[in-house]
Amino acid sequence: MEEGCSCFYSKMGTKLSIGLLIVLAIVLLMVRVLYVVYWCGKPFPKGASQSFSTLVVLGSGGHTAEMLSLLSVLRKDRFTPRFYIAAATDNMSLQKAHSFEDSVAEKPVVKEASSQFMKIYRSREVGQSYVTSVWTTIVAIVHALWLMIRIRPQVILCNGPGTCIPLCVIAFLFKVMGIRWSSIFYVESVARVKKLSLSGFLLYKLRIADQFFVQWPQLQKKYPRAHYVGCLM
Amino acid sequence: MEDSENSKKRIVFVTVGTTSFDALVKAVVSEHVKDELLKRGYTHLLIQMGRGIFFPTKCEGADGSLVVDYFTFSSSIADHIRSASLVISHAGSGSIFETLKLGKPLIVVVNEDLMDNHQCELAEALEERKHLYYTRPHTLHQTLTKMELESLVRYTPGDGTPVARIIDRFLGFPDD
Numbered sequence: 001m002e003e004g005c006s007c008f009y010s011k012m013g014t015k016l017s018i019g020l021l022i023v024l025a026i027v028l029l030m031v032r033v034l035y036v037v038y039w040c041g042k043p044f045p046k047g048a049s050q051s052f053s054t055l056v057v058l059g060s061g062g063h064t065a066e067m068l069s070l071l072s073v074l075r076k077d078r079f080t081p082r083f084y085i086a087a088a089t090d091n092m093s094l095q096k097a098h099s100f101e102d103s104v105a106e107k108p109v110v111k112e113a114s115s116q117f118m119k120i121y122r123s124r125e126v127g128q129s130y131v132t133s134v135w136t137t138i139v140a141i142v143h144a145l146w147l148m149i150r151i152r153p154q155v156i157l158c159n160g161p162g163t164c165i166p167l168c169v170i171a172f173l174f175k176v177m178g179i180r181w182s183s184i185f186y187v188e189s190v191a192r193v194k195k196l197s198l199s200g201f202l203l204y205k206l207r208i209a210d211q212f213f214v215q216w217p218q219l220q221k222k223y224p225r226a227h228y229v230g231c232l233m
Numbered sequence: 001m002e003d004s005e006n007s008k009k010r011i012v013f014v015t016v017g018t019t020s021f022d023a024l025v026k027a028v029v030s031e032h033v034k035d036e037l038l039k040r041g042y043t044h045l046l047i048q049m050g051r052g053i054f055f056p057t058k059c060e061g062a063d064g065s066l067v068v069d070y071f072t073f074s075s076s077i078a079d080h081i082r083s084a085s086l087v088i089s090h091a092g093s094g095s096i097f098e099t100l101k102l103g104k105p106l107i108v109v110v111n112e113d114l115m116d117n118h119q120c121e122l123a124e125a126l127e128e129r130k131h132l133y134y135t136r137p138h139t140l141h142q143t144l145t146k147m148e149l150e151s152l153v154r155y156t157p158g159d160g161t162p163v164a165r166i167i168d169r170f171l172g173f174p175d176d
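Chains Z and E, in that order, give the protein sequences. Note that the numbering used here has the first sequence beginning at 1, numbered continuously upward. Note that the numbering used here has the second sequence beginning at 1, numbered continuously upward.
Keep in mind that the hints were calculated from the coordinates and are not lab data. Some hints could be false.
Unchecked claim - No more than 30 Å apart at the CA atoms, straight line, and that leaves these computed lysine-lysine pairs for DSBU-like:
| no. | chain 1 | residue 1 | chain 2 | residue 2 |
| --- | --- | --- | --- | --- |
| 1 | E | K26 | E | K9 |
| 2 | Z | K15 | Z | K195 |
| 3 | Z | K195 | Z | K42 |
| 4 | Z | K195 | E | K9 |
| 5 | Z | K119 | Z | K76 |
| 6 | Z | K194 | E | K130 |
| 7 | E | K58 | E | K8 |
| 8 | Z | K222 | Z | K195 |
| 9 | E | K146 | E | K39 |
| 10 | E | K8 | E | K26 |
| 11 | E | K39 | Z | K222 |
| 12 | Z | K42 | Z | K76 |
| 13 | Z | K221 | E | K9 |
| 14 | Z | K194 | E | K146 |
| 15 | Z | K96 | Z | K195 |
| 16 | Z | K194 | E | K58 |
| 17 | Z | K96 | E | K101 |
| 18 | E | K130 | Z | K222 |
| 19 | Z | K76 | E | K101 |
| 20 | E | K26 | E | K58 |
| 21 | E | K130 | Z | K195 |
| 22 | E | K8 | E | K39 |
| 23 | Z | K221 | E | K101 |
Claimed, not checked - Across the chosen pairs, the derived CB separations fall in these ranges:
| no. | chain 1 | residue 1 | chain 2 | residue 2 | range |
| --- | --- | --- | --- | --- | --- |
| 24 | E | T161 | Z | S129 | 40 to 46 Å |
| 25 | Z | V176 | E | R51 | 43 to 49 Å |
| 26 | E | R51 | Z | S133 | 22 to 28 Å |
| 27 | E | R40 | Z | S133 | 21 to 27 Å |
| 28 | E | L114 | Z | R32 | 42 to 48 Å |
| 29 | E | D176 | Z | H98 | 23 to 29 Å |
| 30 | E | H118 | Z | H227 | 32 to 38 Å |
No experiment lies behind these values; they were computed from the predicted model shown. Positions of the beta carbon are idealized from the N, C-alpha and C atoms, including for glycine.
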């Protein structure tokens with residue numbers, strides 16, 4: 001009876017210690033996540049002189065036009081090399097980015113700009129069924145992970161297309177795991193006047209975006225951590 | 001805001017963007033809309049109809065009627081906007097800002113068939129600032145009869161400078 005009892009207690013003990021370890025791991029992870037969230041959105045110390053490798057996530061049509069409007073006023077020497085990513089089904093956006101980079105390279109001040117152009121699979125095309133989208137979502141996430149491991153950007157610029165969500169989430173996980181610290185800047189599209197887009201809402205609420213910009217004052221009132229910057233167009 | 005070089009040829013350019021918007025095409029070629037355009041001194045109606053399946057009747061403009069022509073897509077939408085005296089557009093932000101930047105009078109027609117119609121927010125907000133008129137296909141005629149193009153306020157294009165300044169400061173770069 002006594003033996004059975006001690007055996008029972010030692011089994012309980014190992015179970016308890018495994019449990020404690022798991023709890024400890026979870027607590028440590030939570031602390032790390034909170035630490036990362038705390039430092040997200042905190043500005044860097046003044047006096048930066050190096051350049052940042054930059055990932056630019058392009059949407060379609062209007063989104064791309066707004067992004068290029070922003071890129072045209074950013075100093076190219078500070079954001080280099082530049083990696084452009086657009087949805088695999090979107091032929092126009094990378095083409096526009098190409099001609100933008102060509103127009104920049106012509107200016108004598110800027111040295112040979114290093115830029116790369118990549119396509120990413122979308123998790124779900126318009127009208128696709130939800131059953132098949134489980135599989136395509138897995139493919140899209142693996143592809144996004146592969147691209148992010150290759151690029152490991154220090155700065156991410158995005159403005160709305162759904163493709164930016166997996167990329168930004170992976171960037172956040174990289175921060176938590178200590179693989180790469182990146183700053184995520186999100187500019188909500190000018191077409192959003194009263195309500196954020198789903199991408200914008202997620203990046204704002206989950207505090208994944210380091211700095212969040214809106215183009216209408218009404219939105220800034222609703223989302224006080226956002227910067228109101230007027231129209232990009 | 002009128003184009004003085006095209007004083008004889010006054011074109012109304014209609015654009016539906018990359019998809020289709022047959023309700024808008026049908027509305028602009030309806031008799032009372034065409035009559036109103038003629039009354040206001042426009043001579044040509046040029047329609048970019050996209051993937052629509054409603055083909056309007058072309059018209060050469062004999063005996064003083066409105067010249068009607070259409071095409072599906074063009075790589076030079078900006079040129080069409082530039083030569084127009086009035087633009088009637090779908091609510092896409094690309095077309096809206098392209099037209100406003102070229103300083104052309106603009107009527108935005110919202111597509112009520114679209115499910116997630118956040119785009120009317122933009123047209124509404126810009127109408128509040130008097131940069132354009134905003135309507136629906138079945139009220140286009142009313143808007144045309146009531147509109148006063150002189151009261152439109154010219155749009156001053158914005159740029160990314162405020163965003164760039166905040167990003168630069170965040171990353172620790174000195175201000176230029």
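Structure-based check of each hint:
The straight-line distance between the Cα atoms of K26(E) and K9(E) is roughly 23 Å, inside the 30 Å bound, and the hint therefore holds. Using a Cα cut-off of 30 Å, the hinted pair K15(Z) and K195(Z) is violated, with the two alpha carbons roughly 49 Å apart. Using a Cα cut-off of 30 Å, the hinted pair K195(Z) and K42(Z) holds, with the two alpha carbons roughly 26 Å apart. This hinted pair does not check out: K195(Z) and K9(E) have alpha carbons roughly 42 Å apart, beyond 30 Å.
At roughly 22 Å between alpha-carbon atoms, K119(Z) and K76(Z) fall within 30 Å of each other, so this suggested pair holds. For the hint pairing K194(Z) with K130(E), the CA-to-CA distance comes to about 18 Å; that is within 30 Å, so the pair holds. The straight-line distance between the Cα atoms of K58(E) and K8(E) is roughly 20 Å, inside the 30 Å bound, and the hint therefore holds. Using a Cα cut-off of 30 Å, the hinted pair K222(Z) and K195(Z) holds, with the two alpha carbons roughly 9 Å apart.
A C-alpha spacing of about 13 Å is found between K146(E) and K39(E), which places the hinted pair at or below 30 Å, so the restraint holds. A distance of roughly 26 Å separates the Cα atoms of K8(E) and K26(E); the hinted pair therefore holds under the 30 Å criterion. About 45 Å separates the Cα atoms of K39(E) and K222(Z), which puts this hinted pair outside 30 Å; it is violated. Under the criterion of a C-alpha separation no larger than 30 Å, the hint pairing K42(Z) with K76(Z) is consistent with the structure, at around 23 Å.
The straight-line distance between the Cα atoms of K221(Z) and K9(E) is roughly 46 Å, outside the 30 Å bound, and the hint therefore fails. About 28 Å separates the Cα atoms of K194(Z) and K146(E), which keeps this hinted pair within 30 Å; it holds. About 28 Å separates the Cα atoms of K96(Z) and K195(Z), which keeps this hinted pair within 30 Å; it holds. Proximity of K194(Z) to K58(E) is assessed by CA-CA distance (about 41 Å); at most 30 Å being required, the pair is judged violated.
Taken as a hint, the K96(Z) and K101(E) pair is honoured in the structure, with Cα atoms around 19 Å apart against an allowance of 30 Å. With a C-alpha separation of about 24 Å, the suggested pairing of K130(E) with K222(Z) holds against the 30 Å cut-off. For the proposed pair K76(Z) and K101(E), the alpha carbon gap of about 25 Å is at most 30 Å, so the pair holds. Under the criterion of a C-alpha separation no larger than 30 Å, the hint pairing K26(E) with K58(E) is consistent with the structure, at around 13 Å.
Simply put, K130(E) and K195(Z) have alpha-carbon atoms about 22 Å apart, close enough for the 30 Å limit, and the pair holds. Of the pairs offered as hints, the one joining K8(E) and K39(E) holds, with about 14 Å between alpha carbons and a cut-off of 30 Å not exceeded. For the proposed pair K221(Z) and K101(E), the alpha carbon gap of about 27 Å is at most 30 Å, so the pair holds. Between T161(E) and S129(Z), the C-beta spacing of about 44 Å keeps the proposed range 40 to 46 Å intact.
The supplied range of 43 to 49 Å is met by V176(Z) and R51(E), whose beta-carbon atoms lie about 45 Å from each other. About 24 Å separates the C-beta atoms of R51(E) and S133(Z), a value consistent with the hinted range of 22 to 28 Å. One distance hint, 21 to 27 Å for the beta-carbon pair R40(E) and S133(Z), is violated here, with the actual separation near 49 Å. For the pair L114(E) and R32(Z), the beta carbons lie near 43 Å from each other, so the given range of 42 to 48 Å is met.
Between D176(E) and H98(Z) the C-beta distance comes to about 27 Å, which sits within the given range of 23 to 29 Å. Look at H118(E) against H227(Z): about 21 Å separates their beta carbons, and that is not inside 32 to 38 Å.
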